[in-house]
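*Asks:* Based on these hints, arrange chain B on the given structure of chain A.
Protein chains: 2
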Amino acid sequence: MPTRTLHLNAFLMGVGHHEAAWRHPRTEPARLTDVRHYQQLARIAERGRLDSVFLADSLALQGDVRHNALGGLEPLTLLAALAAVTDHVGLIATVSTTYNEPFHVARKFASLDHISGGRAGWNIVTSAGEAEARNFGIERPAHADRYARAAEFLDVVTGLWDSWEDDAVVGDRLGGVYADAGRIHPLDHDGPHFRVRGPLNTSRPPQGHPLLVQAGSSEDGKDFAARYAEAVFTAQQTLADAQAFYTDLKGRLARYGRHPGDLLVLPGISPVIGSTEREARRLEQELQDLIIPAYGLAQLSHLVGIELTEDALDRPLPDVSAETEGAQSRRRLVIDLARRENLTVRQLLGRLAGGRGHRVLAGTPERIADEIQLWFENGAADGFNVMPPVLPGGLEDFVDHVVPELQIRGLFRREYEGRTLRDNYDLPRPASRRARPPAGERPDAADTVGSADAVVAS
Amino acid sequence: MPTRTLHLNAFLMGVGHHEAAWRHPRTEPARLTDVRHYQQLARIAERGRLDSVFLADSLALQGDVRHNALGGLEPLTLLAALAAVTDHVGLIATVSTTYNEPFHVARKFASLDHISGGRAGWNIVTSAGEAEARNFGIERPAHADRYARAAEFLDVVTGLWDSWEDDAVVGDRLGGVYADAGRIHPLDHDGPHFRVRGPLNTSRPPQGHPLLVQAGSSEDGKDFAARYAEAVFTAQQTLADAQAFYTDLKGRLARYGRHPGDLLVLPGISPVIGSTEREARRLEQELQDLIIPAYGLAQLSHLVGIELTEDALDRPLPDVSAETEGAQSRRRLVIDLARRENLTVRQLLGRLAGGRGHRVLAGTPERIADEIQLWFENGAADGFNVMPPVLPGGLEDFVDHVVPELQIRGLFRREYEGRTLRDNYDLPRPASRRARPPAGERPDAADTVGSADAVVAS
Chain A
1 MPTRTLHLNA FLMGVGHHEA AWRHPRTEPA RLTDVRHYQQ LARIAERGRL DSVFLADSLA
61 LQGDVRHNAL GGLEPLTLLA ALAAVTDHVG LIATVSTTYN EPFHVARKFA SLDHISGGRA
121 GWNIVTSAGE AEARNFGIER PAHADRYARA AEFLDVVTGL WDSWEDDAVV GDRLGGVYAD
181 AGRIHPLDHD GPHFRVRGPL NTSRPPQGHP LLVQAGSSED GKDFAARYAE AVFTAQQTLA
241 DAQAFYTDLK GRLARYGRHP GDLLVLPGIS PVIGSTEREA RRLEQELQDL IIPAYGLAQL
301 SHLVGIELTE DALDRPLPDV SAETEGAQSR RRLVIDLARR ENLTVRQLLG RLAGGRGHRV
361 LAGTPERIAD EIQLWFENGA ADGFNVMPPV LPGGLEDFVD HVVPELQIRG LFRREYEGRT
421 LRDNYDLPRP ASRRARPPAG ERPDAADTVG SADAVVAS
Chain B
1 MPTRTLHLNA FLMGVGHHEA AWRHPRTEPA RLTDVRHYQQ LARIAERGRL DSVFLADSLA
61 LQGDVRHNAL GGLEPLTLLA ALAAVTDHVG LIATVSTTYN EPFHVARKFA SLDHISGGRA
121 GWNIVTSAGE AEARNFGIER PAHADRYARA AEFLDVVTGL WDSWEDDAVV GDRLGGVYAD
181 AGRIHPLDHD GPHFRVRGPL NTSRPPQGHP LLVQAGSSED GKDFAARYAE AVFTAQQTLA
241 DAQAFYTDLK GRLARYGRHP GDLLVLPGIS PVIGSTEREA RRLEQELQDL IIPAYGLAQL
301 SHLVGIELTE DALDRPLPDV SAETEGAQSR RRLVIDLARR ENLTVRQLLG RLAGGRGHRV
361 LAGTPERIAD EIQLWFENGA ADGFNVMPPV LPGGLEDFVD HVVPELQIRG LFRREYEGRT
421 LRDNYDLPRP ASRRARPPAG ERPDAADTVG SADAVVAS
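As they're listed, the protein sequences go chains A and B.
According to the UniProt record's numbering, the first sequence holds residues 1 to 458 in order.
According to the UniProt record's numbering, the second sequence holds residues 1 to 458 in order.
Just chain A, same shape as in the assembly (with noise of 0.2 Å):
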């Protein structure tokens, strides 16, 4: 087995990442609320010795939910009860940096990785849509002042999660002391966006920092991408457009003092696998032909900015100049996609269907595996978001078919090597920022956590 492994994720969505998957016979568009539905998809991932699983998330009701199964679980509460059946595979929450406070979500993810014995991962977002913004009573935020917010707002929640040292609970249950106050160290951040006094009211967690990890494309994404993420998740078309931007970011890194194998670079790709190739056209084909095409014309005239009508299926896409409300970076590839392979509307909702802009790869076991292989060993991808057309069928086609041809080209773990999804991803634990000086030099009173501070009532 070679030193450098692939990994994979599975992108978790509803009954499957195909627009129409809710329509076709192998979902039960019923279970999308049911949490044993995950479970299931989860340990699934788990016996494909996959290193995560993943949610996407939005605060808001975002596309026509008459043409669409939306409207399920919240990430966190979910990825805990998903916890709770499995034992290796990493959860990896979307939760929001514009519109939570940090002192919540260092707590959520401390609490969610304890729970989980070091298996949480954060996928960061800034949430650029307007139907957000609604929800929580403000005007939605301009772009830099998204990531200026996103930037301090990690640097609270890692400062809280460093805030108590890995060895502050000393358990002396003879001598009376719990914890050494001198090693739970206040935060006392003061910035533009917050003020945050600390310490956390939960331990530090077992992975240090939950991972960290983010899927913003534009310049502003990826250099803060660069700065703080260790995996990215990715919606690349072509080999060289992929090439391109993995160079592009692991360049990033060392203006951070980082290292390019500080960060795992993982596109998306939504597997439509058959026996033969004929196989997986044919359920290529079931797929498109239950799309409704008022649903996909809604979501790409939004992301490009102009109102398309079904008048327009069967025309190229017209000419597109004007800036939209944030995705900027998923616009210029469906503009490019419809440009480069000369697509009518219709051809190119039918490309969008799938994978929502991320690719779209019909074919056997075998010639999944090439492309994966040919990615990987291309400086295209460290592994993929694998997101399968409908689930939990497509994910099983993935675990039972693609998995055991990975592994026989020593790709792939046939077991799991640790148990935190850190390990997972060959990525270290970080240290605290607060380790222990050594004695002589330890913090006076000011900066430790001693007397009482208030009565809990309840």
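Bear in mind the hints are in silico, worked out from the structure with no lab data behind them.
These numbers come from a predicted model, not from an experiment.
Check the hints yourself; a few may be wrong.
[Claimed, not checked] Listed next, with one range per pair, are the computed distances between beta-carbon atoms:
id : chain 1 : residue 1 : chain 2 : residue 2 : range
1  : A       : H193      : B       : R429      : 38 to 48 Å
2  : B       : G171      : A       : G191      : 42 to 52 Å
3  : B       : D400      : A       : L174      : 27 to 37 Å
We put the CB at the ideal spot given by N, CA and C, even for glycine.
*Replies:* What follows is chain B alone, placed relative to chain A:
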């Protein structure tokens, strides 16, 4: 079995409610952040057919961590992990209305309610303490402001839970209609504290509304409970005080068009159980002998608002007249207790160590059942909030010895009769305030959720 049934909630707190529990040989303080500990407790509660388990919370490290096992898990993530290993027991989490946004709270409880099959409850707190305010960078709001915000917060949260009608999801795969957009409504709330557009992005919870629980005993707190709460946790030391509280609270319900049976009053009780009175007293004494006076002194000083030192231990509680921040009703209870029983500060600390002002009752299972029956049958309680001094042992003792005694007396269920927390508490499922109007009076398009709002880039 009488038509009026006793209700029992297991209040789970670390390794026990006694402040010295972590030092006692029957506990393992390292389990404070171990999910298996809490899963074991939830299973024990379910084995005893208890109505629910409950987790308190605060948003700061409160109390002196040198001398108590503090720094545990966040309630919502933890309860989701308990949902995964239980089938009937209710799951009640404390969440503050002062340091949260209603959209998040509505969504997380809706999610927990789906995950648990209708077993979620929300203990609503307004967070009186200074330490919590400092973790969120704001000034501590005044008492009345906290309750005004809480009331608006509740209106928004319940409105969001009602934003999807129960039958909004149609799931017509052939026709391509997932949901009837005419049955999903924006909230368009615009009030002094919140502007929230809605709808929620999670469908209506199985219980309609997760159960609403409250614990404040101030005048504002009691009015809030009478308006919104369906169960109230309260600290009461004497039968007379408990009867007065019960009568007062039930009497307030009519002002809000509610009936006495719409709200359950559940005083706290910390049962120290022995097979003989002597064995119970011995366990109580073992715990008292492990008390570290400095811990309780700091807690008590904070509560009453004067600095008490070890010199004060063997004297009566000094005169304390000034008001302090928050927790006024608990402060009054503690001062009354010291005066009524003419206690020294050391004796008072001993009385508070077991339940922070809640009633501690040491005795045989029969004696504890007697007291429960006495309060239940004499207008003081609809049930109890059971606070075992050590965990899991104290909960096992209660379930294995007190519960059977209550069952023999016909006071408590032998089997669960329903599936939801509302079923356990014999409380009705609320209708949606947006229940579907008859055909012909359907809301117009402006009041429904139609076209796509945004593409989710992920």
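*Asks:* Can you give the numbers of the hints that this structure goes against, from lowest to highest?
*Replies:* Checked against the structure, no hint fails, so every one of them is satisfied.
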